Every structure is written in structure tokens, then in C-alpha cells.
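K.L.:
Between the sequences and the hints, there should be enough to build the whole structure, so can you do that?
Keeping their order, the protein sequence lines are chains A and B.
Going by this note's numbering, the first residue of the first sequence is number 1, and it counts up by one from there.
Going by this note's numbering, the first residue of the second sequence is number 1, and it counts up by one from there.
A couple of the hints might just be wrong.
[What the hints assert, rightly or not] BS3-like, lysine-lysine: derived pairs with alpha carbons at most 25 Å apart:
hint, chain 1, residue 1, chain 2, residue 2
1, A, Lys26, B, Lys30
2, B, Lys30, A, Lys205
3, B, Lys557, A, Lys205
4, A, Lys26, A, Lys205
Just so you know, these hints were derived from the structure itself, not from any lab.
Please read these numbers as outputs of a predicted model, since none were measured by experiment.
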Amino acid sequence: MESNQNVEIVVPAKQSFATEWASDQKAFKGVPWGKAMMWIFLVSDTFIFSIFLISYMTVRFSTKAEWPNPSEVFGLHVGDYNVPLLLIAIMTFILITSSGTMALAVKYGYEKNRKMCGYLMLATAIFGASFVGMQAFEWTKLIMEGVRPWENPFGAPQFGAIFFMITGFHGTHVTIGVIFLFIMTRKVFRGDFDTGRRGFFTSQKSHYEAIEIMGLYWHFVDLVWVFIFAFFYLW
Amino acid sequence: MAADSYDDVAKNKDSIPELEVAPQDLYHAKSFWTKYIFCQDAKVIGIQYALVAASIGMVGLVSSWLMRMQIAFPGVIPMDPAAYYQLVTMHGMIMVVYLLTALFLGGFGNYLIPLMVGARDMVFPYVNMISFWVFFLAVVILAASYFVPGGPTGAGWTLYPPQAITSGTPGGDGLGIVLMLVSLAVFVIGFTMGGLNYVITILQARTRGMTLMRLPLTVWGIFTATVLALFAFPALFVAGIMMTLDNMLGTSFFMPAIVEFGERLSYDGGSPILFQHLFWFFGHPEVYIVALPAFGIVSDLISVHARKNIFGYRMMVWAIVIIGGLSFVVWAHHMYVAGMNPWFGFFFATTTLIIAIPTAIKVYNWVLTLWRGNIKLTIPMLFSIAFIITFVNGGLTGLFLGNVAVDVPLSDTYFVVAHFHMVMGIAPVLVILGSIYHWFPLITGRFLNEKLGRIHFWVTFIGSYSIYFPMHYLGFMGVTRRYFEVFEGDNFTYSITGINQFITVAALITGAVQFVFFYNIIVSSKFGKKAGKNPWKACSLEWQTADVPPTHGNFGKELPVVYRWAYDYSVPGADQDYITQDTPPSAVANARAEQT
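P.N.:
Pasting the structure below:
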């Protein structure tokens, strides 16, 4: 299928948009089906996360109890010091780094550089897995300190509820991503995308575009984390 | 009608655009299981969707019978208030989500989209198949709630907290409410898989020559409704998760400090209004998810059976899109009595009434399509005309309810029940029934029985008016909805009882005639009159397949090439009164209006 076509930039964007939408067959020229589907899925998923975050803000205003101070709750004791947001900073750094390795994997994928692509996919998957691992550590720490979905020792009971729900939902997204990253890594190393081997379930031919589609999802999950980080940990 | 003035196709006769969509690699089923059960053919999936939706819809229909019996003839069918609320709730939820949404988008969407846009199948047949089975799972979970201790939830289809999850409400302290919420979440997941398929098939997999402005309006209606669903269902999904957590884990998202049976519950500081906002952010677009496919389909039915092009095609398309956009900014008109800021109500009343403009455009265009058309009073046409009338009636009462000052006294009365049943219950169902009569010859190759069909139409049409017209009056009298019984005693209630009995009898008859329809479908699919190819002489692509009924892959060896819009009926100078979409301009040289 056609992808990465070198479209001449002389056509004004407005005009090319109009002609593409007025034309037959495809509204987004040169965009493969899977990629278009992932984009629209991500818009839908954006609604899900936006509604989670808006609900969080509403509940934060509706509750009467004091909202806990995130700098204290999420701090780590290093030696004698309580370093605020240390773990979250590391987690965020790792997740953003994984976006970089993912983007490189897409590049090498399109260059048909099987090895580099595979190693970078593997690195992304490991980064993602370590993020989930650290999240598990964070959950464990908070649960040991007595934070529950229905109550916590720091203040408003909604704090724990929102924390477990939103980070849990995001963590589920990351976990699903990691699983697919490992599956795709295996496919890359096996050469499925070079030989066009058919998928086990779908019986459709494999193609390097799958890596870019995977990448879209992965970048989206990272972007969502930035918002969760800003609204939950910094506010 | 210069649909594509900037399109090269129109200028060069018979020029065929270059192929942009790679030939689709279809999985051809080999066994019974992959051919009929786990089938990847969108047509079979559509029929599966329709059958499951109709089956659970029958539960909804019987629920309404039982409710009506209780209202008019209390005691005939022994029932306690809890059972009545469970019937109300399950009737509403089944009809709106599991019947109408699934039937329009899952059923008609799957069957018609690939055929109408000229594709061999949906773009991701495997995901499409999973979508159906996830929907099936959602229906099974919903049905399971009838068999758990305490029965299904009785919170009303809006599931408002706090009462939805307190122990006084049926199903509130058992599994009823949990199963309902889980079923809805599963439904949303299944729908998302299907919905992405519909959207991408329409946007990215059309056949050569099929521009967006040549799509039949059916496709436009289903497309816009699917987009709405993809963006509105997340609100329901999230609200469902949060309410499940409130119920199972004791979180307080929606639950304020509350006392139940003299005992203070552990909830504190939640916002019940938040749930209402989330629910209606889903719930209002949901109305149009049901209505827009009906708008689209009925446009096609009217055009085919009046042998006339649809009036104002572009306006019809834009009206659908604008209604879709507006539907996201009107949700709080369901919450005027929830204690909102009055300025908030003012904003939502304004946006609500603006919707009257695009809908009125649509109604005028349907009527103008009929005007001086060669109207054939076939059964689909009868249903279409009935739809226009019903939709206008239901829409007019919407103007009452959209205004804050008028809505407040009418809120939670039978006037509201009458309004939404007219506009999003009866009207879309009339379209569904009409379109089944219309496309049955395509699906099975046989006509439905004409005589039974006419009986079915007239009883349904007159019956549903007998049910819902008097309800407006009940609403004005101040009869509140969802009440288990109307207390007898004075003259006021005497007249109400009479009306209620009339409505119940009408409801029983109207419901019963639907079983005549089911009988008709079963018998006619085997013994009906043979239809042959394109029996209605329609222009759109779904009738131009090589085989009737269409086989897997839809169009035989070659995909059709499209040269015109789907409404070239009664073109002056043409040999026949219709020119199909895949007829090249050179074949109709005499026709005087083939520039579309």
C-alpha cells in the first residue's frame, strides 16, 4: 500500500484538503486503513481520558475534606531527605524516553532495517515494562501507607479513588501496549514484515506500517501520562 | 445538481479514476463455523447483529406490555413496585441501546455500508466479527441480571445515583446494577471495534468514482451517527466504571453523605450531578445516534418509492452533520430540574432550539421530494410517510420541552414519555420496519408478504398514535411518569384511568402485530414471492451486485465504477425512470441531466 508518498508542498493545505475530501475512494490520501483507524480510535480514547480528568477535577471541588498535598504523599525518602515527586520524575522520564526509541523503531522499520528496528522495539517494551513495574511499586507503597479507594490517612477519600482509577486505567493502557510491543518485536525479528507473513487471527499480510500504528498508540499513551502527571501530581 | 464541479470525472465522459484502494484480501470461510458463526462477512455480521438485537428487543416489548397492564389494570398481573421499576428500567435500556443502536449501526451499518460504498467488505473483517461477539457478550450479561438474586436494576434507564446503588432500589444492593454497568461497558468496547470499521470503510475504502457527495444518505446518516457514538460512548463508559467502583469498592465519586434507613452510609463528598452530566453527555448524542441513521434511510426510501431525486441533497448532508455537531452541546436540557444555574439552562435552551433549524430543513426536503413525485404507495413508502408525520409530531413537543420555563412543570410527566417515544421510539422504529420491507428482497431474494405487511403497517401506525397521543394529555393533567399506580378516588383520576386503559389495549394490540411481522419474515424468507434483481428499480450500488442476494465479496469479479449520485430517478430523456450509479454517461447519452 502507498505510504510516505512525497506529496509536493506547492499545493496550499486548504485546497488540497478540499480536493481530497471531494474526491473518490479515500478522504485521507496515502493514509493506510490501519493508520486511519488508529487515529480515530485515539480521538475516542482522548474523550475517555478527558472525561476521567474532568471528573477528577469536579470531584476534587465537590468533596469537603482537604485534598492531600501531592508533594508529600508522592515523595520518597532518600537518606534523611523527603524528595518530592522523585519516583514520578523517573517514571515520566522513562516513558518519554520510550517514545523516542519507538519513533526510531518506526524510522528503521520503514528503512527495512530489521535488526535496529527490532532492538529499538525491544527497548521500548522494556522501558514500558519498567514503567509499569515502578507504578506497581508506587501502588504498593501507598497501599502500605494505608491509602485505599474509599479512604486514606492524608485527607479527602476521593484522592485514593481517583489515584487508583486514573493511574490504573492508564497503567492498563501501558500494559496492553507492552504486550503488543513484545508481540511485534517477535514479529520483527522473525521477519514477518519482510516476508508479509499472514497474521494468525486476521489472516492479513504483515507490513511495516504496523510498527507506525503501534507507535501512534504508544505516543498517545505517553501524551496522556503528561496530562495525568500535570493534573494529578503537580496540582 | 453539480455535485462535483471540481471533479475531473464529471468533465470527461466515462473517464475512470485511477485505483487508489488496493484490492482487499478476504478470508474465505471453509467450515460451517467460520461461515455462519464466527463469520467475517459484514453481511452475515449485520444479520447476526439484527437477530440478537431483535431477540433482546422482544424482552423490551414484553416489558412494556407488563408495565401497561399494571398501570391500567392493576392486579391482573400480580406485581410489586420493585418489579414495575425493573420493567421500566430494562425496557428503556434495552430499547435505546441494545435494540435501536445495535440494529441501526450494527445491523444496517454492517449490511449496507460496504454494499453502498462499493467495497468488498469492511476494512477489518476480523475486528468486525469480534465486535459482534463482544456485543453478544454484553447482551448475555444484561440478560444474566434477570437471574441474579434481587433481579435486574430498577433505577430507571438513566441510572441516577445515589438511588441507583442504594439498597432501597431493586437491584441496588445486589448484582443487578453491577451487571447493567458491566454490560454497558462491554457494549461500548464492542461498539468501538465495529464503529471504527464503519468510519474507515466509508472514508477510506470507497469504490472508484464514489465521492463523499455521491454517497447515499443512508451512509451519511450511519456515518455521522457512528462518529457521534465513538465520541459519546466514552462518557457512558467512564461513568459506568466510576459507578461500579462506588458500588463495589465504596468510593464516593457520585455519592454524597447520605442516610439510608436511619443509618449513615460511608459515602461522603461525591457529586450526583456529575453523573447526570456524564450520562447525558452520552445520552443526548445517543438520541441522534438513533435518529440520524433513520433520517438517512428514510431519505433513500422516499426517493426510491417516489421515483424522484432527493430534494436538496447537499443540504440534507449538511443538516445531518450539523445536527450531529449540535447534539454535543445540548445535553443539559435533560437536567433543567436538577438545580442547575439558570444561565446554564438558558444556554442549553438556545442550543436545543437551534436544532429545530436543520431538522426542519430535513422535513421540508422530504416533503418536497414527495411533491409531484411518482409516489408508489408500497409498504416502505407508507412507513416513510408515517415517519415524517410522527417525527414532526414528536419534534413539535420538543419545542415545548426545550424551553426551561415550559419544561419545569412538564418534567417527569407523561408528556415527556409521549415526546421521546414519538421522536426517538416510534419514528426510528417506523423507519426500521420500512427499511426491512425495502431491503428484505436484497437479503433473501424474496418479498415479504404484501397483505400481512399492510395489516402490520396500519395497526402499527394507528396503534402507536393511540398509545402516545393521549399521553400528551395525561402529561398536561399532571400524571407523573414511572408511578407504580395511579390512586383512584375522585373525578380526576377517573378520567385518567379511562385513558390509561385505552392506551394499554392499544399497546397490547400494537405489540401483538409485531409478532405477525416476525411470522411474515420467517415464512417469507422461505416461501415469499421471488424478487429478482433490483425489484424496486433503485439506483444505489447495493442493488447492482452480480448475485442476488450478494455473496461474500459483494460485487463478483469487478468492483463497480460510480459515475453519478444515487438519486437519478425520472431523468428527462433517459430510457428508464432510473439511472443506476454505475451507468457510464455514454450509456445514457439522451438523458438531459447526467452532469451530476
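K.L.:
Against which earlier hints does the structure fall short, listed by number upward?
P.N.:
1
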